[in-house]
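Chain order of the listed sequences is P, E and X. Quick note on our numbering: the first sequence kicks off at 1 and runs consecutively. Quick note on our numbering: the second sequence kicks off at 1 and runs consecutively. Quick note on our numbering: the third sequence kicks off at 1 and runs consecutively.
Heads up, none of these hints are tricks.
Pairs of lysine-lysine, BS3-like flavour, derived with a Cα cap of 30 Å:
(1) K381(P) / K488(P)
(2) K505(P) / K381(P)
(3) K29(E) / K769(P)
(4) K860(P) / K667(P)
(5) K667(P) / K854(P)
(6) K38(E) / K667(P)
(7) K38(E) / K854(P)
(8) K351(P) / K381(P)
(9) K370(P) / K488(P)
(10) K769(P) / K667(P)
(11) K769(P) / K7(E)
(12) K226(P) / K454(P)
(13) K855(P) / K38(E)
(14) K4(P) / K351(P)
(15) K860(P) / K38(E)
(16) K272(P) / K226(P)
(17) K7(E) / K807(P)
(18) K807(P) / K769(P)
(19) K29(E) / K7(E)
Simulated from the structure, these hints should not be mistaken for laboratory data.
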Amino acid sequence: MRVKDRGRIDRESRIAFTFDGARYEGHPGDTLASALLANDVRMVGRSFKYHRPRGILTAGSAEPNALVTVGRGAEASPNERATMVELAEGLAVTSQNRWPSLGFDVLSVNDMAARFLGSGFYYKTFMWPRSFWEKVYEPAIRRAAGLGALSGQHDPADTEKGFLFCDLLVIGAGPAGLMAALVAGEAGADVILADEGFAPGGQLTGEVEDIAGQPAHAWAESTWAKLNAMPNVRCMSRTTVTGAYDQGTFGALERFPEGRGPRECFWRIAAKRSVLAAGALERAIAFRNNDRPGIMTAGAVRAYLNRWGVSSGRAVTVFANNDDAHRTARDLVAAGVSVAAVLDSRHDAPKSPDFEVIRGAQVCNTAGRKRLESVTYRTSKGEQSLMTDCLAISGGWNPAVHLTCHMNSRPVWRDDLLAFVPAPGAVPGLIPAGACNGVFATAACLADGASAAKTALRELGMTSPDVDLPDAGADAGRISPLWAVPGKGRSWLDFQNDVTVKDVKQAAQENFQSVEHMKRYTTQGMATDQGKMSNVTALAVLADATGRAIPETGTTTFRPPFSPVSIAAMGAGGRGQSFAPQRFMTSHAATVERGAPMIEAGLWYRPTYFPAPGETHWRQACDREVRYVRNAVGVADVSTLGKIDIQGPGAAALLDFVYTGLFSSLKEGRVRYGLMLREDGHVMDDGTTARLGENHYLMTTTTAAAGEVMRHLDFAKQVLRRDLDVATISVTEQWAQFAVAGPKSRDLLEDLLGTSLGGWPFMSCGPVKVGGVDGRLFRISFSGEQGWEIAVPARFGASLFDALVAKAEAIDGGMYGMEALNVLRIEKGFLTHAELHGRTTAFDLGMGRMISAKKDCIGKVMAARPGLVANSRAQLVGLKPVGEVQQLVSGAHLFREGARISPENDQGYVTSVCYSPTLGHMIGLAFLERGPDRMGDRIRMVDRTKDIETLCEVVSPVFFDPDGGRARA
Amino acid sequence: MLDLTAKTPCDGLLPVSHGPFTLTEIVPKALTSIAPFKGQAGAVSDTLQSAHGITLPSIGGATGNGSVQAIWFGQGQYLLTGPAPDGLDGIAAVTDQTDAWATVRLDGHEAAEVLARLVPVDMRPAMFPDGTSVRTLLGHMTVSITREGEGYRIMAFRSMAVTLVHEIAGAMEAVAQRL
Amino acid sequence: MRLPCPICGPRDSREFIYRGTALDRPAPDAGTEAWEEYLHLRDNPAGPIREFWYHHAGCTAWIEVTRNTATHEISDAVLAGGEGAA
Ligand SMILES: [Zn+2]
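Working from the sequences, and respecting the hints, build out all of it.
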């Protein structure tokens with residue numbers, strides 16, 4: 001309930017929200033957790049494994065218990081920490097891991113069966129029968145043990161990503177972080193200050209103390225405001241730095257209130273230096289039944305009182321091993337809340353005139369099912385009980401060293417602090433300061449923050465300003481070790497995974513003595529909180545169980561992210577249309593208008609075929625388009641092919657070096673087919689290259705390999721052949737290029753260009769005027785027909801395409817798509833990346849003689865390896881069906897007639913197939929062992945996945961017009 | 001007689017505005033890639049100076065403005081905007097790129113915040129002042145970005161114009177809601 | 001991860017494409033062993049290694065980076081084409 005005159009919330013305004021359907025009210029400045037406590041809602045969830053009632057444990061991001069689902073339907077977000085959810089009007093929250101309701105949960109019977117469900121339970125119980133694991137055990141366990149569930153629907157909420165840069169990244173806006181940012185900000189450094197809360201001050205937001213003569217939270221707010229006003233400082237609230245990566249890169253998740261654009265932004269921050277001022281996380285003490293709703297960390301009870309004006313109970317008991325927790329009792333009494341007692345395990349604990357301190361006391365049990373009713377404690381005088389509805393516990397503070405471990409460093413144990421602190425130089429350029437560095441008193445935190453900033457500034461070559469340290473409390477308090485109160489029953493270590501002291505001891509007993517083994521065996525430290533509350537205590541218990549000291553026992557590794565990051569946030573900028581750039585040809589609009597289904601070719605979108613009225617099957621369109629080209633003229637947009645402009649005195653030599661053939665001997669105005677190898681002797685790509693001038697070539701690549709070939713040429717000229725003076729640049733985008741193919745292609749182009757093309761032999765090229773525009777014409781063919789490719793600057797592409805199509809249609813031709821293009825090239829045995837798949841050689845393709853003997857080229861030496869030119873290799877052949885079954889399938893394998901179908905009898909495989917309207921049956925390209933020697937042989941094509949067997953004849957891969965007369969016509 | 005009509009890369013896509021941000025298409029008269037041959041950078045610069053009044057920019061820079069501009073475009077490569085260059089035969093590879101790029105201009109107070117959502121390079125005015133130019137990524141696209149006065153000139157492959165506009169407009173809208 | 005491109009300065013690794021260990025290409029007549037080593041055999045040091053990266057989204061230079069495989073510390077990055085390649 002709310003306490004009078006306490007808290008820094010706006011009590012004048014109200015915010016309505018629902019929890020499991022019930023309506024409640026809170027105030028601006030509330031978190032969901034503070035509002036629930038203010039409404040006296042104690043039980044907010046059921047535990048992971050035993051379904052025990054659980055309440056709110058902390059007031060910060062380490063919260064293991066109070067996980068809820070926020071929102072409804074597709075936008076529902078599961079496993080949100082109630083302590084981090086900012087209250088907003090209309091917030092709809094539901095509890096998790098319970099059925100049918102939070103109050104009555106059927107699976108809480110698990111709790112009764114607890115003695116069968118100890119550590120290693122899954123591994124021991126569900127071992128066999130093996131087949132039961134996936135079908136029976138795992139689904140049942142997943143239903144029973146779990147956190148919130150995803151909606152299963154597409155989440156319409158938007159997320160974004162971004163990139164930020166700074167001299168100094170300050171992580172955390174507590175006293176150390178604020179001071180570090182202030183010093184660096186005043187020095188003129190480019191600073192980012194990131195804090196995961198929505199109010200600055202870190203731990204100060206929940207304390208009653210003074211800095212510079214004013215309340216600490218007010219000092220934090222004014223310092224934040226001052227920093228925010230500096231142009232060189234970017235203050236980011238609600239921003240959790242989630243990971244530290246190489247070369248000063250950090251991940252940070254910024255959350256935004258409703259109505260301010262995308263829900264979250266996942267930032268990549270590149271920082272020259274960083275100050276980690278992440279503070280410390282209070283740890284619990286393990287004792288029997290220490291997990292009941294109403295048992296909270298002492299610091300959280302204090303924060304709910306001081307920051308949110310909420311009393312976490314009517315009669316509060318404090319149980320601690322340190323001085324710091326006494327402040328909780330002090331603040332409660334001052335606010336008029338009854339304090340039952342302070343139970344301090346130390347015999348020399350300080351006394352207070354304001355509340356009773358019972359020295360040498362340890363809580364050994366609690367009672368109350370859905371909320372705490374009483375505690376039992378033990379002193380030298382025996383056991384006694386106290387009626388209390390809130391127990392504030394503190395086992396000390398764990399510095400938040402997490403980010404210092406992200407690059408493989410392990411923190412160092414300090415016996416004087418009973419805490420792990422960051423190892424020196426844990427993350428290059430990162431300087432820990434304040435509580436995360438084991439510095440606890442406020443004054444010391446301020447000084448440590450200032451000093452960290454000065455170190456960073458010095459390393460950056462900047463001058464530190466004179467900044468006065470404000471006055472603040474200098475007392476860090478004392479602590480004596482107490483990890484677990486001995487005794488019977490279950491003492492919880494990891495609240496989120498339901499791991500007890502007994503589980504850890506059992507792990508040790510069963511010889512899982514390494515921390516990493518213990519963790520995996522018990523599941524301690526897993527799930528959303530990653531053991532923030534429990535790791536150190538569990539380690540201490542393991543150390544005790546194995547008779548080792550804590551430093552000897554080690555520590556588990558903290559890995560990114562520090563707190564959960566949704567996949568949507570990490571993948572922001574990659575969803576839907578943003579997944580990959582879309583590349584559209586200049587003919588795209590016309591193509592879509594004709595109803596062509598588009599297919600992705602790399603990033604490009606290309607038409608598969610152009611349906612005509614009356615056609616009901618794609619094959620009808622495809623066959624018709626093939627006939628355009630064979631009988632009249634077809635037009636296709638081939639702009640997606642890579643085009644590389646190569647100029648300079650070394651241009652010819654570069655081409656000779658990257659192609660198997662000679663290009664220095666190519667005449668100006670002529671085009672030649674080229675084959676490009678990888679250095680290991682396998683074929684990388686093919687294409688035609690035209691010589692436009694003495695020192696000027698134009699190379700074409702396949703659509704798929706354009707980027708790779710550009711990179712390859714850059715490597716060749718920058719690294720392997722530095723002697724050559726040559727420039728390469730992609731002109732793929734500059735030119736719109738269209739294939740015009742078929743017996744009537746010359747007629748069409750002569751009509752279009754208004755000039756005779758009689759003087760243009762096969763494989764020639766040159767400049768042409770296209771409607772007054774400077775264009776290029778190439779007489780090349782990928783269809784086997786008389787063929788041309790005409791290119792104009794891309795701005796004229798759409799217009800030229802329309803003109804070409806209109807002219808083609810007027811002479812019984814038309815446009816053709818990828819399907820027809822593929823049929824035309826298979827009929828001619830021309831290659832694509834179905835054949836150039838990275839494991840074939842020039843020899844395999846029947847192009848062994850294309851490797852010029854006159855010069856070195858990339859891949860030449862290794863292509864000559866005996867294994868790559870052995871006749872036993874699978875080599876390119878054509879296949880045609882000769883039996884009853886007429887179907888061919890690409891990907892199918894080849895076997896001798898009568899041979900058993902088994903891998904050792906495999907003779908080869910099919911790469912491309914199509915129905916040839918020209919020949920009236922299916923044809924295929926395949927790689928067959930000793931293929932060229934087996935022309936006329938019969939071979940079985942077997943596709944086991946489609947259950948198709950076809951008897952084929954081995955034929956030449958050039959099915960149509962083998963002497964090439966049509967192309968030269 | 002064939003009469004070809006020209007279409008700009010962002011035809012039908014722009015302008016777009018969200019909050020203080022505007023995105024407009026720029027259609028340069030000519031874009032020419034200039035790659036000086038070995039040891040000829042000085043001669044190329046001199047030639048440009050006498051023919052067009054600008055020198056070759058240094059790495060990451062831009063020279064000239066308005067009607068004639070040269071920007072650094074990669075290792076040993078420059079892009080001349082405005083006139084087609086004269087007198088570079090034999091000292092540089094000269095390639096017409098007028099139609100290869102979609103060019104847009106992003107304007108608006110704190111436009112750097114929009115680019116921060118897309119570009120892995122510091123685009124804040126102090127770090128990327130007038131006269132600087134960079135080759136980098138925008139989303140998944142390789143781009144050239146040049147600071148021009150208060151705005152940014154952004155170039156991406158012509159075929160990617162739809163994606164370019166989609167990405168920038170999306171970030172403009174998101175950031176506008178943040179303000 | 002960020003790589004210090006000798007031309008562009010430090011850039012996010014997403015702008016680069018990795019190739020592998022930086023090796024010198026053998027002469028055509030260097031013999032099978034030299035070629036076998038160039039193509040297939042690699043050291044796998046836990047420590048500094050020299051490797052080729054391509055600044056594909058930046059200046060399109062091939063660079064040679066010295067990276068410590070154990071710490072990811074990058075101690076050097078130069079143009080693979082040697083000095084003077086601007
Ligand atoms: Zn670079």
